[in-house]
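*Asks:* Sequence:
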Amino acid sequence: MRTLYTGADVFDGTGAPPATADVVVENGRILDVGPGLDGDAAVDLTGATLLPGLIDCHVHVTVDGIDTLKRLAAPYSLRYFQTARNLGALLDAGLTTVRDAGGADLGVKAAVDGGVVRGPRLRIAITMLSQTGGHADPWLPSGACTPALPATPGVPPPVVDGVDEMRRRVRELVRAGADWIKVAASGGVMSPGTDPRRAQFTPDELRTAVAEAAAAGLGVMAHAQAGPGIRNAITAGARSIEHGVYLDDDLIALMRERGTVLVPTLLAPRSVLDAAASGAAFSERSRAKVAEIMEAHDDSFRRAVAAGVPVAMGTDAIGYPHGRNLEELELMRAGGMSPLQALHTATGAAAALLGLADDLGTIAPGRRADLVAVRGAATDLTGLRERILLVVKDGRFAAGLSTSEERRSA
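The opening position of the sequence shown corresponds to residue 1 in the UniProt record's numbering, with each subsequent residue numbered one higher.
Quick caveat, the hints were computed from the structure, so don't treat them as lab data. It should be emphasised that the depicted structure is a prediction, and the values quoted were computed from it without experimental measurement. We put the beta carbon where it would ideally sit given N, CA and C, even for glycine. Among the hints, erroneous ones may be present.
The following label-pair restraints were derived from C-beta to C-beta distances [claimed, not checked]: (1) Gly36 to Ser338: 24 to 34 Å; (2) Gly107 to Asp44: 31 to 41 Å; (3) Ala151 to Arg302: 34 to 44 Å; (4) Asn27 to Arg385: 28 to 38 Å; (5) Trp139 to Ala357: 36 to 46 Å.
All chains should be modelled from the sequences, with the hints used to inform the complete structure.
*Replies:* Below, the structure is given as structure tokens:
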């Protein structure tokens, strides 16, 4: 059956301004886009904007907040039920594809693909590789370990040292079903014993990770917050820099020259500060670090945008309940992007980073029918989540208003 979406202004995901057009969907694919089309059934979207399904390039669907005490007290299997809820919340927010940056394994991906749970399609890193004492090393001075991502059968441990261990661990992640390899090229905020300004892993270790990933047809995403770590990751060949908190002019120029994508996660520190204000229990050092980075983070993003560094949306907003992802777009606009540029980071640009541009991220004939309709104009990013009318994934209704009666009353 051919379904006609009519009356909307269509933002096609390329960055071009929206234009009124009809979109015809059949068998999970976009059949045609243009004026005066017809179909077997029609969905009237007059007064709305139709977007490609949105993409978040940095989520953690198995992480349910940052309260360390709650995490330690929770039964192990509870997180799988929380994950199902989190996946549904992402889909309800218009996200039809996400890259999970650590936590989701092949079973979570299979559950979505097989229709066991509703959620966005997943591209998974499974875990984040870290040196001993690095950002993903759960060791504490007490001798205890409090991993953010609990050990799971079939998931390789995150800590590696040296070229040979790196090579083996990347191969183990490939075996476990990873779509991306994630490395911690610097310290971080939520690891209390690390400094975000310090590099982690040697250049040789990072080059080995990139080479082994490439041998399997995969890319590398690098958690990297400051100069030396960012530079090492870029020169090693990482496809994306996650966070990029402390970017200087030389690093910005290098990213532009190499085409390295910035995934800024502007929402992440705000989510942590809000969680702290709400009483979440985590280390005082992490609280101090997140307050320290805010101004530099926003300034780095503003200068990267002005210089033309490629950007893809990613949130990493682990302090918030899942589903607030689209607030990242408002922060991007505040950081110097136009509304259409911000939307492009969550559509065509995100699909390009994930290697999915031939299938997702744009509204064009032959693409997967992932669509999001929102009330009003695409140039207004305020309250975008609350304005969602419907979400379509693979041509099927996935979230939002489900009946014509509800649509007419909206």
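*Asks:* The structure should be examined with respect to each hint, and the outcome stated for every one.
*Replies:* Now the hints, each set against the structure:
The given range of 24 to 34 Å is respected by Gly36 and Ser338, whose C-beta atoms sit roughly 30 Å from each other. Gly107 and Asp44 have their C-beta atoms about 40 Å apart, which keeps the hinted 31 to 41 Å range intact. The hint said 34 to 44 Å for the Cβ distance between Ala151 and Arg302, and at roughly 40 Å that hint holds. Between Asn27 and Arg385 the CB atoms are about 29 Å apart, so this pair conforms to the stated range of 28 to 38 Å.
Between Trp139 and Ala357 the Cβ separation comes to about 40 Å, which falls inside the hinted range of 36 to 46 Å.
Checked against the numbered hints given earlier, this structure breaks none of them.
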